[in-house]
Amino acid sequence: MRQRLTACAFVVSSLFPVCVSADVKPDTLFRVVSKAGTTRVEILSDAKPVLRSPTEGLWSIATQWRESWPAQWRHANPVQVERQGPWTILKGTLQTESGAWRLRDAYRKRGRAVECVRRWEWHGKATAKNVTLSIRWSAPDGKGQVLLPGIIYYGNPSGATSGRTPVFSDQWPLAMFEEHRYPLPFASLEWRDTGGRRWGAALHSLPAPVPCGNLRDQWWSLGVDASGGGTELVLLSGPCASNGRKGVIKAVQPGFVPYENAYLNVPPGTVIEKTFRLEVYPVRSEGSGFRRPLWSAIDWFRPAADLDAFPTFEEIVEAKYRYAKTRWHEEGEAAGFMKYPPELNRPFFVFGWCGQTAAPGYALQVLADQLHDPAVRRMVQKSLDFLSTAEFYGGGFHTWYNYREKKWSGHEPLSQGQGMLNFARAIRAGRRADYDTSRWEAFLRKACDFHARRLLRDDWRPRSTAEAFFIAPLCHAAVLFDNDLYRRAAIKGAEHYARRHLSMREPYWGGTLDARCEDKEGAYAAFQGFLAAYELTRQQRFLDWARHACDVVLTYLVVWDIDLPAGRLRNHGFKTRGWTVVSPQNQHIDAFGVLIAPDVYRLGQIVGDERLKRLGLLMFRSCGQLIDPYGSQGEQPQHTNYAQRGRVDDLFALRGGYAEDWTVFWITAHFLNAAAQFRELGGWKPTGRAADANPTPATSARRP
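Just so we're aligned, residue 1 is where the sequence shown starts under our numbering, counting upward by one.
Heads up, a few of these hints could be off.
[As the list claims (entries may be wrong)] No more than 30 angstroms apart at the CA atoms, straight line, and that leaves these computed lysine-lysine pairs for DSBU-like:
id	residue 1	residue 2
1	Lys-325	Lys-685
2	Lys-685	Lys-382
3	Lys-48	Lys-143
4	Lys-446	Lys-382
5	Lys-91	Lys-35
6	Lys-406	Lys-325
7	Lys-382	Lys-406
Keep in mind the hints are simulated off the structure, nothing from the lab.
Kindly generate the complete structure, drawing on both the sequences and the hints.
Structure below.
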């Protein structure tokens, strides 16, 4: 069926191809409307137009470049519509002085979304220079909250004061970033209409480098623009902007660097196509508008479909345990796992965060029969006995021990919470395995007494989500010691963070010590705490909160294999899916998701969702990539235009890089810790001795 657009009102939908009246059936997803000489495409939810093509035209092309941004925009509308199988096809032409752009959109229903393939053909006698192509969808009422996965979380209010993170606000309403920066390539928007009903919309992209790019490694850019009356979800053929500046990207930890001249030079006869998807939907509660597109993206990319592409549990455990033993150190009564490699000559045992010196005390107990090393029992007993002597101060217990100077120091509440959880797990395992846990229990009781009373004070108001790391150990200790004080403190902590964060007016933040912004570690602290509170009480509200926080964590999870340029990562066939972006400030990926993985798996067990269970397994096994022959890994694979430093000599030499020198102990301890949890949860059933595994090294060798 082919027909000319006329001035009368009509609808062509992907489900109902026959022209009908303007009354739309409830399950219609989109329609083409022509009235009074204008034509638009509308995306509908519950028969309500939620997204629509811009008023000035369905297609917009910029033909010049001025002041670091596209200029001289031209617009066109469809002149023809036809149906071909499941597709609704719109055609048009945009005429310029140098030739014509032939334009085509093809729409179809894909599940609960609308998919479109947009096509541009350049028919001119010469190369069309300084061109920018666009895909724009407007939410006219949508002056709302934006989530760009891994980059912007409802504006990044906590990171805004630093000047080092991307921000979206009334003051800075334009946010555009390279597609390869996105762990999940979608931009989502949530708002409340004049009737008080909440709506959500998302633009999903099939990411790819853009043809005819002026820059060496130019990709499409994805983001939002609220500089007009509503908010637009936007794809551009390269231009980036953030924090009130055009032609910049977040390429270094302190802030932004220029990203100029991201236009196209298109030779005659060139055809460019871009696939994208659109979702619109009602939102049940404030702060949940990102959740549907999150799971749509996971279901579309299916990152956990092929787990056998990654190292096995046995390979990972063998390598990590072998390397862990190189960090073991003891002097007299002092014993533990060093935060830094011995060659750095930095004599520290460190609880929590980057040190994780207490984590093997639990993990090695659970993995002992797999490791077949008689040294395990002694290392567990001696390290935890010594760490139980940590000195207390006015804010809890010190987290750093200098074994050369024999001094305790450090004031990190986050690390205290993580250390307490390691002890709680070690005590539970140690009671079963006939360890002497008396010193461990005395230390954990003292720490829980201190922090439970502190949390229960009327003036407890933690700065960020970091102190949510106290909830899980207090829950465990409540069971271990049958202590109602710990139980009440844990529940208060969970309730406190639910009030602060579920609406996303204050997104989860502050879980890293080197960034003051929204981050996956902060979201994980809440997720871990809510899940532990549910396991303790079996109250549905805690499970609901855990699912929300988990979904925020998963917005940092890379669900696609980002195409990488020549470099360290591509040399090893590195697959990005399963790794996680650190935060809007620290825009590299890391293996921290391995610590989160068992809780994702456990949530899947509780709610009966196999997708969550497989994501947990993916996060563990994928993060086993890049283990070198010594069992070590670095912390910073660079999937995008970003380096964890303040100066950039060649912006396009960053992507595909890998900083392996920062080998603090968490990168080893978290793998062993997670493997032990998977073992207890039944997610991993060892098939043989870890020492029999024969891992294939995935990075260049390090010096012994």
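Checked hints:
Taken as a hint, the Lys-325 and Lys-685 pair is honoured in the structure, with Cα atoms around 24 angstroms apart against an allowance of 30 angstroms. Restraint check: the Cα-Cα separation between Lys-685 and Lys-382 comes to about 28 angstroms, which is no more than 30 angstroms; the hinted pair holds. Between Lys-48 and Lys-143, the direct Cα distance comes to roughly 17 angstroms. Compliance with the 30 angstroms bound is thereby established for this hinted pair. This hinted pair checks out: Lys-446 and Lys-382 have alpha carbons roughly 19 angstroms apart, not beyond 30 angstroms.
For the proposed pair Lys-91 and Lys-35, the alpha carbon gap of about 17 angstroms is at most 30 angstroms, so the pair holds. Simply put, Lys-406 and Lys-325 have alpha-carbon atoms about 22 angstroms apart, close enough for the 30 angstroms limit, and the pair holds. In summary, the hint linking Lys-382 to Lys-406 is supported, as the alpha carbons are separated by about 16 angstroms, within the 30 angstroms threshold.
In this structure, none of the earlier numbered hints is contradicted; all agree with it.
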